[in-house]
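Chains as they are written, first to last, in my numbering: chain U, 142 to 496; chain Z, 714 to 1101; chain H, 5 to 314.
To be clear, the hints were calculated from the coordinates, so they are not data collected in a lab.
There could be a bad hint or two in this list.
Some chain U residues near chain Z, calculated using beta-carbon distances under 8 Å [said to hold, decoys possible]:
{"hint": "1", "residue": "180"}
{"hint": "2", "residue": "272"}
{"hint": "3", "residue": "366"}
{"hint": "4", "residue": "481"}
C-beta atoms are modelled at their ideal positions from N, C-alpha and C, and glycine is treated no differently.
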Amino acid sequence: MKVFLSIALYRFKSFYRDTFTFFFTLVLPIIFAVIFGFIFGRPEGMGQSTIKVGILKDNEDLIKVVERIEGLNISILSHFDELKSLVLKGSLDGGILFDGKTFNLIINFSSFQQKPFLRTLGDTIANAYSLKEAGVEEGFIRVEEEFIDPGKARVSNLGYMLPGVMSFSIASSIFSMIALFGYYRKRKILKRFAVSPINPFSFVLGMIMGNFLITLLSSLFVLFAVQIIFNIKFYINWEYLLLSISSSILGMMALGIFLTALFKEPQTANNVGNLLLNIMIFFSGIYFPLSFLPNYLRTFGQILPLYYVAKALRISVGVEEGTPNFIFSMSIIMVSVFIILVSIFGRDILQVEEK
Amino acid sequence: MIVLKNSIYFFKSAIREREFIFWFIAFPIILMVMLITIFSSMTRVERINFNIYLVKNESGEFSNMISEVFKRISEGEDKIFNLKLMENISLKEKFFDDLKKGKTNLILEIPEGFDTGILSHITFKMLGMESNPPPIKIYTLKYNVSSESASMIVKNIFDRMNLEFVKKMRKVNEYQVKTEIVGSKAGFSYVDFIYPGIVIVSIFFTGLMGIGEELSWYKEGKILKRFQLTPISNLQFFLAYFLARFYFFIIQILAITFVGKVIYKSTINPLSYYFVLYILLTIFSLSSLGFFVSSVSKNTNSASVIAQIIQFPLQFLGGIYFPVFDVPWIIRWIVIINPITYLAAGIRDTLGIMPSPYPLYLTILVPLLYTGVFLSIALRKYKVVEFS
Amino acid sequence: MNNYKFIVEVEDLRKTYGNVKAVDGVNFKIKKGSIFTLLGPNGAGKTTTLEIIEGLRIPDGGNIKIFGKEVKRIGKEEKELIGVSLQETQLISHLTVKETLSMFRSFYKKGLKVDDILEFINLKDKAKSPVDKLSGGQKQRLAIGLALVNDPELLFLDEPTTGLDPQARRSIWDLLLQLKKQGKTIVLTTHYMEEAEFLADWVCIMDYGKIIREGTPEDLIKSIGGESVIEVDVEENHSFLDRLKELGVNYTYNPKHGRLLAKTDNVLETIDSILKTARECSLKVRNEIIRQPNLEDVFLTLTGRQLREE
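With the hints as constraints, model all of the structure from the sequences given.
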């Protein structure tokens, strides 16, 4: 027990000297939060996104029609060249032109990338114009839209995204386990312990405990840092949050152990882990919702463990509604996978050492 | 001759390194495939299906017609919605819960009294009296792009239905709609957008790690010192080393081009004058960045820390994956000083993929300036170096 | 060009790093065709001295004459004529032994055939292995091979056997003796006194940036006097040591290792004194050795420290 504690403590203290872990668990998530937060995040309180559309001033009928459409912010311009250059620059999301026969909608690429539904805007305007001409501009069926608030925290999609960056910190556990089991084995550090009176299990468990604490504290630090940087207040359910983070750390550690057992060369395990992390980040609904993807990719995303980690974190900080059951079942699965993998491969790895 | 011959040795050393192949060739290709998979499906609206609930509290003619329309477009290969028909309005709170949990993207409600409302509205209209049509309610989740998208499509469908109703009563002019995504040559192709970017990213990785980190390892492992003891000059050494990387760049570009052109059918001509020019500019400026990093770092460890710290901001704030010219000022300065910004903007502009937000001369001058600054600092550092 | 007796002459060489005088007024001359050794503990300034001559470092003061020519820092011309093996150099990874040699061979105008070098350094069967896979001794032999590619007249070898096992060390010594036979001048640094004793024609003992004594190994050993050295393990005890002094025993005592070294021309008498005194102080004497004095003893006599203080 004493050995276990002193090793855990040693690992904890050596964190700041370990550039890679330090970088991965603390610096990188914050860099990512800042970059993506400022690029994709809408400022709080701005509510629904408005679409900025430009129209030429000589087309008064069109202007009247477009003004009636909800969610559009209209700029009236005098020349086509001016309109086109504003769209190209991205100051306007799009521009609508009408020559009496055809509606021409031009959409800025970046707006399109972020709001793919802009493609239907031309039809909406053309239909509305036809109705107005026919004198029934309000139509027969009126659509009334009501917005439902997604969670208790009332945060923008920035708030939705930020818990995702915590999963970076958590995912660093993959690499700390590869370091522990792969590199230490390769450099015969584990062997060194096997010949000393220290039980190698105490050493390994001590290291795991140390890494666990580092990751836990780092991810909490990241959470507080993003709250301060973006001036967001999450409604944190501490029981859920600690449970989600802790079990996720163990789950990611299990993944690292699995990779180490699968690939003999720790460098290969590291590369595969890195690749896997990249794939998970893209397909786990951290930066954009999964519903944007076609069905098969959506299913793929839901296979990845990071999807559940991110979801549990969002529920715990109150940006997504969810039941305690979700958090409990995720935790149970993560922890049991950890225990199973450690007991299968952990023993295997240590036995190789002792012979 | 010495330079040429030795470049082959350096090249062999690089190409036999598995890490090199993985990070500088395989990884960029995987990244490209992933991005194309995600974003080309995002731009094809019809391929996405949204989950919607239709809550129907009426069974009159109009309500049935509306629900029929929605049922029809929720069937078959090209369905837009995964529709669930709900008839019990008392479960409204549960439906909202599902919306919040993402089980459905949108809730559409045909309220009680809708059919009678419509009938009276039509009657009033026919009599030439003012009347408001009865509302159909849709519930959208705030801040949720999927929900917004679904709402946009649903509204569009009602517009269409309105038009069809009116058409039965009087003559209606219908107009053609043309939609153009500006900045692209022939319709928008995400491959065309990302392919030059990936080429830049792969050169960036190689410059930063394959040159920056490796040369600092040469320094730390006294390999440079060993070279200093031989009659070959620093210049010859660096030329040979750079040339070896140059061969590697060509392989990288060929591999990425193969995937971009052959598999994803990009319309970009990789032999075009502009493409070649910008790629060369990229190679020079990002290789000199690598030389610079190696010259200012004490050992491999510090080089890799520097590389890691600048890698992410430069990569993501260089406009490679998404446009960044209108980001807030807090991070805008990174965009402005980032050489990749200019390279990516320049290459896309000249290839006609997307207009550059910066004047074109800047997209050539800024990278050139960086090349000059980086190289002169690196050369000076290496010249006065006294190995310890 | 060839009418010089000394291939390298160094006069009052100085190099300071901050407050540390790494090289503090060093003078020596290296005879053509000899094996010249700088012997001293770690940090004595051996490597710095060598690297100044090799042109890797710029001295703060002093003169260097190499191949009969006065130089500030050696140039291309001299680099063609020298071969160097650095202390613990890494090699370019993933190249084979042969490729590495060919690469270095290409830097020089004239030189040996790569196959001949492979044969000479006994790495022919490893020609196609990647350098990363070589053992310590093989790496060191390759490093010497690299120093030989241009068939140099003058070789600088900085601690060529550090960290090697005795057998690997022996095989390097054989290589060096063969090179000497070929008429090459070899400049060697080492902190192994056996190495200096076995190989060197001339030894300079360095300590704290200064050469504290030089000469042939035999002369140096003779200079400290005494035909034999007696070594014993004994506990530290002041009255014992004081009494030995009174008896006129010329000794040094290392309290860290509890080892007493005594130089003497009369082995029997000295042993007798030591044993008797120890008995009087009720001390136990163990591991007695009687041997010839060596360079280690020279260094010990001159500095009071051992060459390899751990």
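Sort out which numbered hints this structure fails and list those numbers smallest first.
Hint check: 3, 4 fail, others pass.
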